[in-house]
Structure formats: structure tokens, C-alpha cells
Amino acid sequence: MSTDRETRLVRSWLEEGATVLPDRVLDAVRDELPATRQRRSVWPARRFPRMNRLSQVAVAIAAVIVVAVVGSRFLLGNTSVGGQGSAAPSVPPSPTASPQLLNDQGNLDGRYIIGSGITGRVTVAVPAGWSAGGDWVVRGPNGNAAPAGMAIRFYPATQLYKNPLRESDGLEPPETTVGALANAIATHRGWTATAPTDVTIDGLVGKVVHVTIPLDTVIGSDGKFLLFGDANGDQVWGFTPGQVFDMNIVGVDGQLVVIEAFHYPGTSASDLAAQQTVLDSIEID
Amino acid sequence: MDTELVTRAQRGDEEAFMSLAAAVGDRLHAVSHRILRDTDLAEDATQQALLAIWRDLPQLRDPARFDAWSYRLLVRACYAESRRNRQWAPNLRILPTDEMAGPDALSSVVDRDQLERGFRRLSIDHRAVVVLHHYLDMPLESVAEALGVPVGTVRSRLLHAMRGLRAALDADARPARQEAVR
Numbered sequence: 003m004s005t006d007r008e009t010r011l012v013r014s015w016l017e018e019g020a021t022v023l024p025d026r027v028l029d030a031v032r033d034e035l036p037a038t039r040q041r042r043s044v045w046p047a048r049r050f051p052r053m054n055r056l057s058q059v060a061v062a063i064a065a066v067i068v069v070a071v072v073g074s075r076f077l078l079g080n081t082s083v084g085g086q087g088s089a090a091p092s093v094p095p096s097p098t099a100s101p102q103l104l105n106d107q108g109n110l111d112g113r114y115i116i117g118s119g120i121t122g123r124v125t126v127a128v129p130a131g132w133s134a135g136g137d138w139v140v141r142g143p144n145g146n147a148a149p150a151g152m153a154i155r156f157y158p159a160t161q162l163y164k165n166p167l168r169e170s171d172g173l174e175p176p177e178t179t180v181g182a183l184a185n186a187i188a189t190h191r192g193w194t195a196t197a198p199t200d201v202t203i204d205g206l207v208g209k210v211v212h213v214t215i216p217l218d219t220v221i222g223s224d225g226k227f228l229l230f231g232d233a234n235g236d237q238v239w240g241f242t243p244g245q246v247f248d249m250n251i252v253g254v255d256g257q258l259v260v261i262e263a264f265h266y267p268g269t270s271a272s273d274l275a276a277q278q279t280v281l282d283s284i285e286i287d
Numbered sequence: 109m110d111t112e113l114v115t116r117a118q119r120g121d122e123e124a125f126m127s128l129a130a131a132v133g134d135r136l137h138a139v140s141h142r143i144l145r146d147t148d149l150a151e152d153a154t155q156q157a158l159l160a161i162w163r164d165l166p167q168l169r170d171p172a173r174f175d176a177w178s179y180r181l182l183v184r185a186c187y188a189e190s191r192r193n194r195q196w197a198p199n200l201r202i203l204p205t206d207e208m209a210g211p212d213a214l215s216s217v218v219d220r221d222q223l224e225r226g227f228r229r230l231s232i233d234h235r236a237v238v239v240l241h242h243y244l245d246m247p248l249e250s251v252a253e254a255l256g257v258p259v260g261t262v263r264s265r266l267l268h269a270m271r272g273l274r275a276a277l278d279a280d281a282r283p284a285r286q287e288a289v290r
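Chains as they are written, first to last, in this note's numbering: chain A, 3 to 287; chain B, 109 to 290.
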């Protein structure tokens with residue numbers, strides 16, 4: 003039989019069959035939506051388009067005006083613009099403001115409490131120019147996507163995916179100790195990893211394992227290189243071949259917490275240094 | 109695909125998602141029906157795929173890639189359904205004898221029966237490649253993207269699948285028999 007005829011036959015045969023989804027299926031989907039939780043995600047870097055020349059000039063002029071107005075207020079002391087100063091002293095911003103909950107802020111600058119289901123209190127100081135991803139990710143000034151981004155993620159975790167590229171293979175059994183989880187990461191066949199070594203984070207001794215997504219990895223259309231998961235459907239994944247994860251694992255109030263700093267081969271040395279500074283600022287109560 | 113709908117659904121807008129589901133439901137169901145060759149299984153797979161799409165939608169990084177991504181979840185749902193229900197209930201349609209007017213019609217029915225049998229012998233992996241490429245007319249590169257496998261894998265799966273179907277067609281040069289397939 004010729005290939006053409008075979009292809010024609012197969013194509014013709016495939017034309018037969020259902021083409022309309024019954025309404026009852028859509029109704030069933032609608033009924034189940036409220037009980038089906040959407041899985042959280044880590045978005046890649048927000049990409050800001052380059053400003054054109056005119057925009058740059060406009061922004062520069064606006065910045066000069068803002069600086070002039072603010073500067074004049076400093077120089078003129080308590081004198082308010084347009085009238086007599088108030089008798090009541092203004093309240094200066096507190097230098098020791100309470101940390102805010104990390105909550106998807108576009109611009110971070112200060113100390114933040116990590117949410118993400120961590121039962122202990124973990125806070126981190128983040129400089130201006132960084133941003134948040136949900137309540138568990140702080141992204142560097144160049145975002146968290148390849149080729150030059152980086153981020154730090156905080157999450158409780160006990161289970162690795164068996165196959166980072168095939169979710170249907172399911173999860174490894176949960177680990178219960180810092181050492182066991184570190185060993186499981188280090189010996190996983192889905193990536194390359196260093197042997198676990200000791201690390202101290204705010205006085206807590208844990209383990210660190212450096213994981214790399216192999217360069218020849220073909221990541222599917224969902225963009226996920228699966229790392230950790232749990233029975234609730236929460237997932238943590240990587241994005242790109244060559245991506246490196248420094249996985250710091252500590253026990254916090256009996257919970258295994260992963261503090262994971264990741265970067266790419268193109269991440270600059272200055273950004274890596276900034277990432278380390280943020281890591282060094284972590285406080286665990 | 110209306111990327112605005114996708115974006116709204118990603119943010120948890122149920123009505124936007126249902127509009128999206130209505131827009132893509134027929135196409136997904138047509139694909140699942142052709143992969144699974146069973147109406148009930150295909151409906152279940154499509155339903156599960158739509159729920160998986162809703163669940164994982166916030167993780168889709170580029171809304172413009174929704175179509176390829178949705179096929180991947182659909183094929184996964186087809187896997188799950190085929191594993192869950194190994195007792196196949198074939199919906200073979202056997203034409204009555206008096207409809208077989210001439211040799212061409214006879215040959216056509218024979219071909220279809222043999223294709224059906226040959227296709228059912230293929231794994232879901234191989235079926236998915238055949239359906240996405242020959243039914244949806246997707247280029248092999250797009251099939252690879254949808255299934256999350258290298259193009260070479262898609263090519264070899266297609267080759268294997270078509271070889272299997274050709275063998276099924278060639279194997280039967282006998283006159284058509286009306287029989288139930290189990």
C-alpha cells in the first residue's frame with residue numbers, strides 16, 4: 003500500500019467521530035470549579051519594554067521636578083507650602099517599621115515576612131529594585147527569568163517529583179529530616195547536584211545542595227522542570243536548562259523549609275552578590 | 109485563542125474560564141474521542157482535562173501558547189482515562205450488508221475496521237501523535253511542543269504508528285465479515 007493512500011485513509015477515517023462536546027460535560031466542569039483550587043505559580047520576570055527617547059526625557063524631567071519639590075521642603079524646614087505650618091508635629095516614618103507580609107509587591111524595600119505555609123516566622127531584608135512573587139518569592143532587579151535573572155524562594159517541602167519532566171510519574175515518598183531531604187535532592191537522577199554540605203542560616207544549621215538543570219534537558223510547553231510537590235497540588239519548578247538552584251534546607255519548628263536561591267549562567271556577579279546579601283539577612287524566629 | 113479570556117481565567121475568573129471552556133471544548137473533545145475511540149471515556153477525559161486546565165492555568169507563562177498547552181493536558185487526561193478503564197467498550201459501527209453496494213464501499217468498510225483495530229493496538233502516545241498531526245494538521249514541531257517531547261520522538265512515534273496502521277490494513281485482504289470486536 004502506498005504511503006499516500008495510507009495517509010488519505012487515516013485522515014478520512016479520523017474525520018469520523020464526535021465533534022461536539024455535550025453541554026452536560028461543561029455543566030459538570032462548572033459545578034466542580036469552586037472546589038478545584040488553582041495552583042499557584044512562579045511567574046517569570048516581568049519584562050518592561052525599553053523606553054523610547056521621548057519617554058526617557060519625560061521621566062528625567064519628572065524626576066528633576068520631584069527632587070526639586072522634596073528638596074525645597076527639606077531646606078525650608080517645617081514651613082508648609084501655601085500657608086502657616088501646623089502646630090502638631092508631623093509623625094516621622096519609623097526607622098524600625100514592622101515587617102510587612104510579602105504579598106506580590108511590585109517594588110520591595112525593607113524587611114518582609116514570608117508566608118508560603120511556613121509555620122515559623124521567617125523574615126528577609128530586600129533592597130529597592132527587587133519585587134515579590136506571591137508570598138514566597140523575592141526576585142532580583144533583573145527579574146527571575148533567564149538569561150540574567152535570579153530569585154530566592156521560600157517554601158516548606160518534603161517530596162520531590164520522581165521525574166522533573168513528567169508529572170504523571172508522581173512524587174517520591176516524603177522525607178522527614180533535613181539530612182534525608184538533602185540526600186534525596188543530591189542523589190536524584192533527574193538533575194545534577196552536589197553532595198550536601200552544612201550551612202548555617204541565622205544560627206540554624208541545615209544542609210545546602212547545589213542543583214543544576216542539565217543543559218540538554220528539553221522542557222515541555224508548560225515550561226516546568228518539576229522539583230517539589232505535595233498532596234495539595236502545590237508545585238515548585240525550574241524554568242530553563244542551565245538554571246542553578248542553591249537549595250538550603252533547614253528545620254523550622256519541626257517543618258522542613260527550603261530557602262532556595264536560583265540563578266542562570268548569565269546572572270551577573272553583582273546580582274549574585276546582592277542575592278547573597280539578601281540570603282544573609284534572613285532571620286528565623 | 110482569546111488571550112484576554114485566558115489571562116482573566118488565570119486570575120481565577122470562573123466566568124471567563126467557562127467562556128474559554130465553551131470555546132475550546134468541542135475541539136478538545138474531538139481530539140480525545142479520536143484518541144480514546146470511546147464516547148464515554150472521551151467525555152470523561154475532556155472533563156478532566158478542562159478541570160486540569162483551570163487548575164494549572166496560573167502556571168501557563170504565555171497565554172498565546174494556550175492551545176498547545178491544553179492539548180498536553182488533554183493527552184494526559186486521555187492517559188488517565190485509558191488507565192482507569194482498561195475494559196474497552198468499542199463503538200465499532202458495522203454497516204449493514206445492503207449498504208455495501210460495490211467493491212469500493214466494501215473496501216472502505218474493511219479499511220475502517222482494520223484501521224480501528226490497528227489504532228487500538230497503539231499506545232496513547234502514538235495515537236496522540238497521529239491525531240494531532242493527521243486530524244488537527246499540526247506540524248510535527250507543534251506536536252512536539254504540545255506533547256513536551258523532542259521532534260525526533262514525535263517523528264519516530266508517527267513512523268511507528270503509521271507502520272502499525274499499514275500492517276493492519278495490509279493484513280486483511282479477506283472479504284469483510286461483520287463481527288463484533290472485543
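Calculated directly from the structure, the hints in this document are not laboratory data.
In this text the structure is predicted, and so the values were computed from the model without any measurement.
Backbone N, C-alpha and C define an ideal beta-carbon position, used for all residues, glycine too.
Worth double-checking, as some hints may not be accurate.
[Claimed, not checked] Simulated DEER-style distance windows between Cβ atoms: (1) 130/A to 259/B: 37 to 47 angstroms; (2) 191/B to 287/A: 43 to 53 angstroms; (3) 111/B to 102/A: 28 to 38 angstroms; (4) 204/A to 191/B: 21 to 31 angstroms; (5) 233/B to 6/A: 42 to 52 angstroms; (6) 6/A to 231/B: 20 to 30 angstroms; (7) 178/A to 278/B: 27 to 37 angstroms.
[Claimed, not checked] Take a look, some chain B residues computed to stay more than 10 angstroms from chain A by CB distance: (8) 112; (9) 115; (10) 116; (11) 122; (12) 159; (13) 246; (14) 247; (15) 248.
Consistency of the hints with the structure:
1. 130/A to 259/B: 37 to 47 angstroms: For residue 130/A and residue 259/B the Cβ distance comes to about 44 angstroms; the hint holds.
2. 191/B to 287/A: 43 to 53 angstroms: Holds, since residue 191/B and residue 287/A (Cβ atoms, about 47 angstroms apart) stay within the stated range.
3. 111/B to 102/A: 28 to 38 angstroms: 33 angstroms, holds
4. 204/A to 191/B: 21 to 31 angstroms: 46 angstroms, violated
5. 233/B to 6/A: 42 to 52 angstroms: 25 angstroms, violated
6. 6/A to 231/B: 20 to 30 angstroms: 25 angstroms, holds
7. 178/A to 278/B: 27 to 37 angstroms: With a Cβ separation near 58 angstroms, residue 178/A and residue 278/B fall outside 27 to 37 angstroms, so the hint is violated.
8. 112: With a cut-off of 10 angstroms, residue 112/B remains clear of chain A, as the shortest Cβ separation is near 18 angstroms.
9. 115: Label holds. Min Cβ-Cβ 12 angstroms, cutoff 10 angstroms.
10. 116: The claim stands: residue 116/B keeps its Cβ more than 10 angstroms from every Cβ of chain A (closest is about 12 angstroms).
11. 122: Check fails; 5 angstroms does not lie beyond 10 angstroms.
12. 159: 5 angstroms, violated
13. 246: 12 angstroms, holds
14. 247: 14 angstroms, holds
15. 248: 14 angstroms, holds
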